[in-house]
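Here is what each chain is made of, one letter per residue.
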Amino acid sequence: MADTALYASADRVFRRKRIVAFGLPAVILLYLGYIFFAFDLPGLAGRARWDNARTLLADTWSYKTHVTRDNRGGDVAVAIEGERKGSYPQGTAPDWVLPQDDGAVRVALSGGQEVLLLPGNGFRWEVPGFGLIEARLEGRKIVSNLPEEGLPDWISASPSRLQVTADGARVALTRSKTELFRYFPGWELFFFTLDSPYHGHGFGEILLGAQIDPARGNIAGAWQDFWHNPMWRHADVAWALFETLLMAFLGTMGAALVALPLAFLSARNFAPLMALRFGVRRAFDFLRGVDGLIWTIVLSRAFGPGPLTGALAILLTDTGSFGKLFSEALENVDGKQIEGVASTGARPIQRYRFGVIPQVVPVLVSQVLYFLESNTRSATIIGAITGGGIGLLLTQAMITQKDWEEVTYYIILVILMVMAMDSASGWLRRKLIKGL
Amino acid sequence: MTQTPDAPHDPRGHYLALMAQRRLYGGITLALFVLLMVSGFMLADERNAGGFWNGLPQVFDFPADVLADTLPKLAALPGHFVTYFPALVETINIAAVSTLLGAVAAIALSLLSTRGLARWPRLIPVFRRFMDILRAVPEIVVALVLIFVLGGGPVPAMLAIALHTAGALGKLFSEVNENADLKPVEGLSSVGASWLQSMWLGVVPQVSPNYFSYALLRFEINIRASAILGFVGAGGIGYELRNAMAWGKGRFDEAAAIFLLLFLTIVVFDQLSSHVRNAMISSKKGGH
Amino acid sequence: MLTVEHLTKRFGANTAVDRASFTVDRPMMIGIIGRSGAGKSTFLRMMNRLTDATEGRLLFEGRDVLQLKGAEKRGWQSDCAMIFQQFNLVPRMDVVSNVLHGTLARRGTLATMFNLYPREDIHRAIDILERLGIAAHAAKRAEALSGGQQQRVAIARALMQDPKVILADEPIASLDPMNAQLVMDSLRRIHDEDGRTVIANLHTLDTARRYCDRVIGMRDGRIVFDGTPAQLTTGVARDIYGAGADFSENATSTEIRDPVATAIIRAAEVAV
Amino acid sequence: MLTVEHLTKRFGANTAVDRASFTVDRPMMIGIIGRSGAGKSTFLRMMNRLTDATEGRLLFEGRDVLQLKGAEKRGWQSDCAMIFQQFNLVPRMDVVSNVLHGTLARRGTLATMFNLYPREDIHRAIDILERLGIAAHAAKRAEALSGGQQQRVAIARALMQDPKVILADEPIASLDPMNAQLVMDSLRRIHDEDGRTVIANLHTLDTARRYCDRVIGMRDGRIVFDGTPAQLTTGVARDIYGAGADFSENATSTEIRDPVATAIIRAAEVAV
Amino acid sequence: QEITEFRLGILGGENAQDRMTSNQCFADKIAEALGVEVKVFTPADYNGVMQGLLGGTIDAAWMGASSYAGTYIADPEAVEPVLVKQNLDGSIGYYSIGFARADSGVTSLEDLKGKKFGFGDPNSTSGYLIPSIEIAAAGYDMTPGAYFGDVVFTGGHEQTIVAVNNGDVDGGVTWADGQGNWEDGYNSGALRKAVDAGLVDMNELVQIWQSNIIPEGPFVIRKALPQDVKDAVTELTANLWEEDPDCAYGVAAGDAKDFIPVTHAEYESIVAARQSVSN
Ligand SMILES: Nc1ncnc2c1ncn2[C@@H]1O[C@H](COP(=O)(O)OP(=O)(O)OP(=O)(O)O)[C@@H](O)[C@H]1O
Ligand SMILES: Nc1ncnc2c1ncn2[C@@H]1O[C@H](COP(=O)(O)OP(=O)(O)OP(=O)(O)O)[C@@H](O)[C@H]1O
Ligand SMILES: [Mg+2]
Ligand SMILES: [Mg+2]
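Residue numbers (the working numbering), protein chains in the order written: chain F, 1 to 436; chain A, 1 to 288; chain G, 1 to 272; chain R, 1 to 272; chain D, 1 to 279.
For the record, the hints were derived by calculation from the structure and aren't laboratory data. You can trust all of the hints, since none of them are fake.
In silico lysine-lysine, PhoX-like type, Cα no more than 25 Å apart, as pairs:
1) D:K230 / D:K29
2) D:K29 / F:K85
3) F:K85 / D:K257
Not everything, but these chain A residues come out facing chain R in the computed CB check (under 7 Å):
4) E186
5) G187
6) L188
7) S190
8) V191
9) G192
10) A193
11) S194
12) L196
13) Q197
14) W200
15) G202
16) P205
Backbone N, C-alpha and C fix where the C-beta goes; we use that ideal spot for every residue, glycine too.
Starting from the given sequences, assemble the full structure and let the hints guide the process.
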């Protein structure tokens, strides 16, 4: 009876479904396979530098203090992160660096270990589980008690340089200097640098305790020293953040203002001339198709580096995006409202004002606010090129690869900024759309 | 149509007061906006190396230089197209793979963070925050970090864009999910289907057209993003463009060729995706 | 007062209104009936100048309104208010603003762009709303109102224009019977009290019979009936609608016969 | 066979089902009636384990199904099919796939995700559809079907589960009278022919009387009536619905008394 | 002709904040001398400074020799070189250094045949221009795929060092003063900075090539500026080492002897070199 026919047709349907169900993933897998080789993923494992990752990770939450002994003059300098701004004034040192009477310097490490920087241009370090390491500069050569062969990978030795890395510290001996890095957790000098009188004082002490700097009140003084901290430069970072937001805001809003009237010219139902509409549409495509970053380069000839150039680049790109979105919104307007207004004898501009604008405003506002949030992120990148904002600080700090804690600081700030913009624009969107 | 309890006794005064209040708020908002725009513009103008009004007449200097350098060497352009085509393919591949991987992750994340669908309802805020963070980190940051670890090339860019895509699409997808009809899911649960089954059979078929349309839009964005990441050393066409552009006079013809290649690609994919999306929308409207 | 002469509208090969002619010599309430596609809407839209006529003349107080251009045309539009089946209000704006749109043609462009209307206009708008029984909703957004209330806002906008003629294109087709009755009562009252001419396209015979002084029947763009409601017999109606012998008026009736419902409407009218 | 003991469900302060207890000793068709909010849906959802109970036990063949977890719970769900008021099908999928969803709990996750159903399952699905008179629509998408057809697809899915119990939550409330009758007839036939227990929440007294062997009345979460249809007098019904003396059953009736309509249904049954 | 502000562009191997800090004293001095506000800009790359000078949005900058040449080629009337840094030994030059990883077995350009070679920024003199010419002249074709397996731009000196150290490229070029010891990364230069930052261990790197001496980049001033402004800034800068060595140290990004006058003639060869590698 009809059953067999029905069975057959159902079987056919399911065979087709199975082909689709397997075919699509198969195509994707094939593509991924191609990518696997095109992107040389097998070689990637070999190229990946996990020690770099470790350095990076370690550096994000720790800092190092350099103890440097000049092998020519014998001077010992202590500086946080080896930076001038983090140097301990001559003759002072943290309590774990102990000059000895014989001219040696004893550096205490965590876990009771210690390294002796010897006056004869050498050092001595008793590494637990390995033994004593002693090295000295003799003439132009470095001699040590280490064997020639079979060194562990945390020791790197050559006649001109010896480096030992162990347990939160690293010692390097070259002809010119002996250098010891000791690692500590935290972001040192985040609040105050060494030269600030407030360094080493707790919050409670500053807020409630006795006046620390006789010239200034505690809170004002502490704020000043914190805000103008030469190491972390909070004031400049804050300005950079603000500059990034400024670029995003000016670019987005400017684009919206420029795009709105142009969108009327390119909406099918409002365009006065079809040729004009076509032209404006292609202009939108062009503005959008050329990325903001390229606009930045083009504009930087005329306007030079700075936030305005970034804002204008965002403005140009977004005029294209908004133009397209707005004209789509305009093409979807409900003609009844316009007709209703028109039937009262309203002028064309009044028709737009009352028949069209109230309809499209919610769409416009929500799009603009969406873009404002995503442009905050774009502004970070554009700033890296045009020379402004947090993006420049971030990329430069990353490229010079010096202070990953600084990089971490910037990344956290960028994320917080974007998330704040996200919630702010979301809040504003709800608020405005309800009230409009 | 019964008497509302808060109906005003004096509709005229009531309305005028309301109007005055609305006008005041509207006026304040408008004034605030204008003030922000004007002062923001002035500040940016002041902090910029070149002023807006001085720079305006020079806007076309750079394009003019490019043209002046390119026009005499037009014959070399096709050669440049061929030279840089592999880089373009790499850029498109980066965008495609990252969109694919990001979209898959986004589907999982969005299902896990939609009320009514989530496997572990308590963890919804966790997944949401996670997506927020993925979204907030600029691709360039992830790419630079990964370049440091993995070395240059397409993989860091691909991962960076994929992570961002997962966050961005995840949010859009979960909005789509929120509007999905829960009845089929309940129906499937009632037959004893597992979570995966009810999502795959009950939710995904409903939302896949929307997913697809958002993913296409994202693909378009990602082509641009991968070109941009080339600017910071992640390979592809952006890298070539930056080098040619930075050199300036003497290699502007290369820059122009790369630019044209990139621009045409973006326009082609843009048109293609809006075409597909339109087709999809109209087929959805036009019955089954 | 109003003379329509050979008014014709063609859409390509299709003639929507075909040499329609009639004369109105005093303000009255006119109903136009006819089945869907008969050309009723097109006729009203030509009259309000929302659509241009192909041929013919439409004289109002001696002037051919079809020839007007620019400001004069807008002046005519403001003299000739239109009420639509779907209300055609701006849903996101409040009721009073919608009513004030009736003054757009008279007020300066700039002031209206910023929603700045003279205080006396606002008062008059609220008076009109009060007269139509919806002043309590004055500050609400139009979209927050029920269909019947929205249609009354549309009528208020029309009245705000202080028009000589009110055109209504199936004003009650989207309304339930109760609201339909409220709206038709309002239109009738406006005619009775203000003496304005009201021309309404109607879907249903009984409404036309009950509210109009004169009924015009259209079929395929032509006027096939023009007379008093009393002349509108079932036989005539069959001709207008091109229906067979099984035509029954009740099928299209919207009148509320239930005494309870009528009582509810009364109560509601008092309450709003 | 089925024993419900002090089954309770609280939503915050609100008790949706309040210590419901009853016993069923042989397969029968049971109707649950009660006004909106009485707890009927909540009861069925607890039984199918879509909602967890707050207190109480529900023994089926000696096992407390409320204690089951993970795979065992899904196993029980596949033994206890549910039919919903809104059908709860996957609208974009074809009818056969929807029916095959009834086997999900038995088949591997991966296989079902790739549409790998065994051939005999597919054939059985067609058989079931044929039995319910909708095999002709097998390849269509569920959303393309009328409400009554969709509900029969839902019943087919339930049958596909080969369940011991079928729960139906107001299966005919979204259907017009003609389709309602088709669906109720199908349910009754399943009970009669397969001997499965059917528990249906019903909105209307006459349906319960006509199709059920036993009727349970709920009010405010408690079971206030449990008896045969014959015992369900108008007085009892008034108690269940908490209605006054003006209560008339006809207000909620869905029965088709019109002989013409019945004829149409017959014709439709033959046609589909 | 009056100016209302003076805009200084700075470039270098430090991050943007540090550049700002080390040049702040310089900016203050110019402000004092000219009586107008001085703004400091730190574009992300050489091209940013070039565009600024060409577009007239930056008035003065320390440039690399190649980027100066690029600016000159684009518009000979844009800027003029006025001063150059004189090293402690009296020279005004530095070197481009080719290097590789010690454990890769590469010790000379010979060994890099078929391998990946890394330049820095295309506008860098020592990171691209000079090595690309001199290495090619030595018989190693620099077209990608010709002699070397591939030739890439890493983006800058720091990136080159990291890339070589990571093995992303097999050999690369960067700059150094050529004085002092290899194991310290020489006395100054990009290698030294990387060592100081703890990025690389010089034991793991070997030098494979060294260029001829390269002239230091000039301090350039925009030609269109009023003559008195140009003179004032030039004089002030020329006297910086004498008057404020600390500040000069920051401006020169290290120790130097003096800033001495220079003219365009000094860079003719670089201009020619740059033109020769353009299309
Ligand atoms: N803009 C237009 N373009 C083309 N044809 C049109 C247009 N507007 C109306 N028509 C045609 O003109 C004829 C008359 O339409 P009209 O809307 O005036 O009829 P109606 O009597 O108002 O009908 P209904 O009761 O459906 O509103 C119809 O055949 C219609 O298809
Ligand atoms: N998810 C829930 N959360 C809170 N309260 C609920 C929930 N589901 C049901 N309730 C409440 O439980 C009570 C019983 O609801 P239930 O849906 O079981 O009633 P019902 O008899 O099926 O009514 P109806 O005929 O309207 O479907 C109601 O008071 C309802 O508000
Ligand atoms: Mg009509
Ligand atoms: Mg229910």
